[in-house]
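Sequences listed follow chains A and B, in order. Note that the working numbering has the first sequence beginning at 3, numbered continuously upward. Note that the working numbering has the second sequence beginning at 556, numbered continuously upward.
It is possible that some hints are incorrect.
Unchecked claim - Okay, derived cross-link-like pairs now, EDC-like style, lysine to aspartate or glutamate, Cα gap no bigger than 20 Å in a straight line:
hint, chain 1, residue 1, chain 2, residue 2
1, B, Lys-930, A, Asp-136
2, B, Lys-966, A, Asp-62
3, B, Lys-832, A, Asp-136
4, A, Lys-69, B, Asp-796
5, B, Lys-966, A, Asp-88
6, A, Lys-229, B, Glu-927
7, A, Lys-69, B, Glu-927
8, B, Lys-887, A, Asp-62
9, B, Lys-834, A, Asp-136
Unchecked claim - Take a look, some chain A residues computed to stay more than 10 Å from chain B by CB distance:
hint, residue
10, Ala-28
11, Lys-69
12, Ser-71
13, Asn-99
14, Ala-101
15, Gly-112
16, His-150
17, Ser-167
18, Thr-179
19, Glu-186
20, Arg-195
21, Pro-236
22, Ile-239
23, Lys-250
24, Phe-259
No lab work stands behind these hints: they were computed from the structure. Computed from a predicted structure; not experimentally measured. All C-beta atoms in this analysis are idealised placements derived from N, C-alpha and C, irrespective of residue type, glycine included.
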Amino acid sequence: MSTAKRTVRLIAWTTVFLGMGTAAHAQLNVVTTTSDLATLVQTIGGDAVEVYSIVPGVQDPHYTEAKPSYIRRINRADLLVTIGLDLEVVWLPLLINGARNPALVPGNQGYLEASQGIRVLEVPSGHIDRSQGDIHPAGNPHYWLNPHNGLSIAERITERLSSLSPKDADLFQANLTAFRGRLETRIADWEQRMLPFQGREVVAYHKQWEYLTHWLGLKIIDYVEDKPGVPPSPRHIANLIERMKNKKIPALLCAHFTPPKIPQQVAQKTGAKLLLLPPSVTGGSGIETYIDLFEHLVTELENTFEEGAKGGVHE
Amino acid sequence: MPRFCSAMYVILISVGIFSTLPTAAQTRTTAAQTASTQYIDISLDALFSAGWADAKEETIGVLEGGAHDPKKRGFTVQNIELSLNGAVDPYFTGEAHLIYQITPEGESILEVEEVFLTTLALPAGLQVKAGHFFIEFGRLNPRHPHTWNFVDQPVVNTRMLGGDGLRTPGFRLSWLSPLPWYADFKVGIHNANGETASSFLSALEGEEGEGPEFAGHPLIERPVDSIDDLLYTFRWLNSLDFAETITANLGASALWGPNATGDDTRTEIVGSDLYLKWKPLQNYRGWPFVAVQSEVMFRRYEAGAFVGAERNQGSEVFRDWGTYTEVMWGFKPRWVAAMRTEWADGNGENQDDPLRDRRLRLSPAMSWYPSEFSKLRFQFNYDRAEHLDDQTKLAFWMQYEFMFGAHPGHKF
Numbered sequence: 003m004s005t006a007k008r009t010v011r012l013i014a015w016t017t018v019f020l021g022m023g024t025a026a027h028a029q030l031n032v033v034t035t036t037s038d039l040a041t042l043v044q045t046i047g048g049d050a051v052e053v054y055s056i057v058p059g060v061q062d063p064h065y066t067e068a069k070p071s072y073i074r075r076i077n078r079a080d081l082l083v084t085i086g087l088d089l090e091v092v093w094l095p096l097l098i099n100g101a102r103n104p105a106l107v108p109g110n111q112g113y114l115e116a117s118q119g120i121r122v123l124e125v126p127s128g129h130i131d132r133s134q135g136d137i138h139p140a141g142n143p144h145y146w147l148n149p150h151n152g153l154s155i156a157e158r159i160t161e162r163l164s165s166l167s168p169k170d171a172d173l174f175q176a177n178l179t180a181f182r183g184r185l186e187t188r189i190a191d192w193e194q195r196m197l198p199f200q201g202r203e204v205v206a207y208h209k210q211w212e213y214l215t216h217w218l219g220l221k222i223i224d225y226v227e228d229k230p231g232v233p234p235s236p237r238h239i240a241n242l243i244e245r246m247k248n249k250k251i252p253a254l255l256c257a258h259f260t261p262p263k264i265p266q267q268v269a270q271k272t273g274a275k276l277l278l279l280p281p282s283v284t285g286g287s288g289i290e291t292y293i294d295l296f297e298h299l300v301t302e303l304e305n306t307f308e309e310g311a312k313g314g315v316h317e
Numbered sequence: 556m557p558r559f560c561s562a563m564y565v566i567l568i569s570v571g572i573f574s575t576l577p578t579a580a581q582t583r584t585t586a587a588q589t590a591s592t593q594y595i596d597i598s599l600d601a602l603f604s605a606g607w608a609d610a611k612e613e614t615i616g617v618l619e620g621g622a623h624d625p626k627k628r629g630f631t632v633q634n635i636e637l638s639l640n641g642a643v644d645p646y647f648t649g650e651a652h653l654i655y656q657i658t659p660e661g662e663s664i665l666e667v668e669e670v671f672l673t674t675l676a677l678p679a680g681l682q683v684k685a686g687h688f689f690i691e692f693g694r695l696n697p698r699h700p701h702t703w704n705f706v707d708q709p710v711v712n713t714r715m716l717g718g719d720g721l722r723t724p725g726f727r728l729s730w731l732s733p734l735p736w737y738a739d740f741k742v743g744i745h746n747a748n749g750e751t752a753s754s755f756l757s758a759l760e761g762e763e764g765e766g767p768e769f770a771g772h773p774l775i776e777r778p779v780d781s782i783d784d785l786l787y788t789f790r791w792l793n794s795l796d797f798a799e800t801i802t803a804n805l806g807a808s809a810l811w812g813p814n815a816t817g818d819d820t821r822t823e824i825v826g827s828d829l830y831l832k833w834k835p836l837q838n839y840r841g842w843p844f845v846a847v848q849s850e851v852m853f854r855r856y857e858a859g860a861f862v863g864a865e866r867n868q869g870s871e872v873f874r875d876w877g878t879y880t881e882v883m884w885g886f887k888p889r890w891v892a893a894m895r896t897e898w899a900d901g902n903g904e905n906q907d908d909p910l911r912d913r914r915l916r917l918s919p920a921m922s923w924y925p926s927e928f929s930k931l932r933f934q935f936n937y938d939r940a941e942h943l944d945d946q947t948k949l950a951f952w953m954q955y956e957f958m959f960g961a962h963p964g965h966k967f
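Bound-form chain A, shown alone:
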């Protein structure tokens, strides 16, 4: 058999199987980049949606790998929800290109960047380049760490789910109203608990907690990484330790996926408490919902500042 005939036969078989790819499904199939988005989609969508999150909560969403199984998920999805602001820039474009799902190409109905309407912090101005480390040109992308922004994300999700599945719009709206009620009650509680600690100064490892501290009225005075994403220089660490001792900084905020060696050293030498915190839902045991995440973060901060007030910091 000639090569040409062989190839024609192969293409024919391929065509026969094509129909298998277009099976319809009743639920909306949603893929989110992060677990925080997934929990919000599940809250709004309820039984009308099936959600899959690409990045587990214990992982740094900057550095997820573009595994082919994710391509398959996106290929079969009705909606892709992303954080945006270049958080997923290393891996998401490859997945979208590989997925060949025209509905999910940015700009189409199946693609939702949840940052719409968010007040983005730390949008750089002036000259930026890579000698300054991993600067996000579009601003700090960790905006889900302010619960008010979570509400805004939930609203965007409600709008988009409703336009994709108008028959369930009332359900989505009811779920949003219920979620807003629950979240706003808790926000008031968290803000009340953290009120005594307004204006407290802390140090962070990476530029990751700005939305949280901005919301709670805390102040990050310095970072262990002097340039985002770049291992700190010994001189910077020495200066930082001196500064933290002088200012009696009570807490060092650090994502739990950071190698603990350097932050542990800094904490030991300064007496600050090292808080290894989950930046996302499912990032720790018992953190299953968006509300759980903030309950955990607020409790950790509250305990640290209370211990500090009792003189428990500089043992």
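Fit chain B to the supplied structure of chain A, relying on the hints for placement.
Chain B in isolation, oriented as in the chain A frame:
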């Protein structure tokens, strides 16, 4: 010199385009209020090596047969690659890779390595790639040298797919199947000629340098008379997540095409490839990890009879095979220790042919990544090749890379 000028011209024009693009909206307060233009992403990657080998320089060129391999004692400009990509319109994305090299003799070369479009909007999991691009045979061939795990390309790739990697103008159709795991099927049709179509209507230059030939069979002019004179490609790639921390890619590939040792002689190459990676769920920037990459290839090459003034050869069939296995261990952030084992051999009287003899190469390597955009690598090669008088050669190479411009995606 004109080639050098045109290289500089392309680079300067590109830099000009880049400098006029806004990096991003610089004054926005809410994400919804502004837009940034992103018509074209540009990056430049530079790959150099330096080192020493106990082989003579002409032998280094034979042992390191890849076009981007270290070519001499001292320094080699392995590859300067200008990459451009962007959305063409709602239906296509475009991608171009222009490479610039300086040969061991100091001559400048500019090559259009790849320029192709990929469709965005075909239904039913279909995607077409068209233009001039690396044929997706196995794992390494379609990847650019700066993404490789070692300084040089595997012997089996050089022998069967050519020093530059197999790439010719053509198109391919890919289908992401609805099977319950990731299974992607690709079929393609390409030209079988051109200097980057080794094993087909072109061949690697052997040690003799007497004009193009394959294992002593001179290559003849062979025009495209029928569709059998084109190159046909097939690939089936599967990806399986055995656990959230372990992923395996398993592929099978095949090539069918004409070769130029006769009027109707043909070459077939089949191969299979594996990429297995373990990475804990909780990791720091992708570390630690262990990855295994392995390929095996078999080639059947029908060489035609040749009757000439100086030689008179009957037709014969050459069967070759080769394999490599790489193990990479990212033992701490920014560091990767690696080991590559290679074996290649062919049938018949192959012991004097540097492109078909029995060959074993062992290459331990250590890489350090200051950031995602730079790399420093050290590699040692222990090389046993039958055609060499003393059989064993040693080499030590250092490689460094830097990249600037658009952030590159990391293909799994």
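Okay, the hints, checked on the actual structure:
{"no.": "1", "hint": "Lys-930/B <-> Asp-136/A", "verdict": "17 Å, holds"}
{"no.": "2", "hint": "Lys-966/B <-> Asp-62/A", "verdict": "18 Å, holds"}
{"no.": "3", "hint": "Lys-832/B <-> Asp-136/A", "verdict": "26 Å, violated"}
{"no.": "4", "hint": "Lys-69/A <-> Asp-796/B", "verdict": "9 Å, holds"}
{"no.": "5", "hint": "Lys-966/B <-> Asp-88/A", "verdict": "17 Å, holds"}
{"no.": "6", "hint": "Lys-229/A <-> Glu-927/B", "verdict": "15 Å, holds"}
{"no.": "7", "hint": "Lys-69/A <-> Glu-927/B", "verdict": "18 Å, holds"}
{"no.": "8", "hint": "Lys-887/B <-> Asp-62/A", "verdict": "17 Å, holds"}
{"no.": "9", "hint": "Lys-834/B <-> Asp-136/A", "verdict": "23 Å, violated"}
{"no.": "10", "hint": "Ala-28", "verdict": "17 Å, holds"}
{"no.": "11", "hint": "Lys-69", "verdict": "5 Å, violated"}
{"no.": "12", "hint": "Ser-71", "verdict": "5 Å, violated"}
{"no.": "13", "hint": "Asn-99", "verdict": "7 Å, violated"}
{"no.": "14", "hint": "Ala-101", "verdict": "8 Å, violated"}
{"no.": "15", "hint": "Gly-112", "verdict": "12 Å, holds"}
{"no.": "16", "hint": "His-150", "verdict": "13 Å, holds"}
{"no.": "17", "hint": "Ser-167", "verdict": "21 Å, holds"}
{"no.": "18", "hint": "Thr-179", "verdict": "23 Å, holds"}
{"no.": "19", "hint": "Glu-186", "verdict": "21 Å, holds"}
{"no.": "20", "hint": "Arg-195", "verdict": "29 Å, holds"}
{"no.": "21", "hint": "Pro-236", "verdict": "16 Å, holds"}
{"no.": "22", "hint": "Ile-239", "verdict": "17 Å, holds"}
{"no.": "23", "hint": "Lys-250", "verdict": "30 Å, holds"}
{"no.": "24", "hint": "Phe-259", "verdict": "5 Å, violated"}
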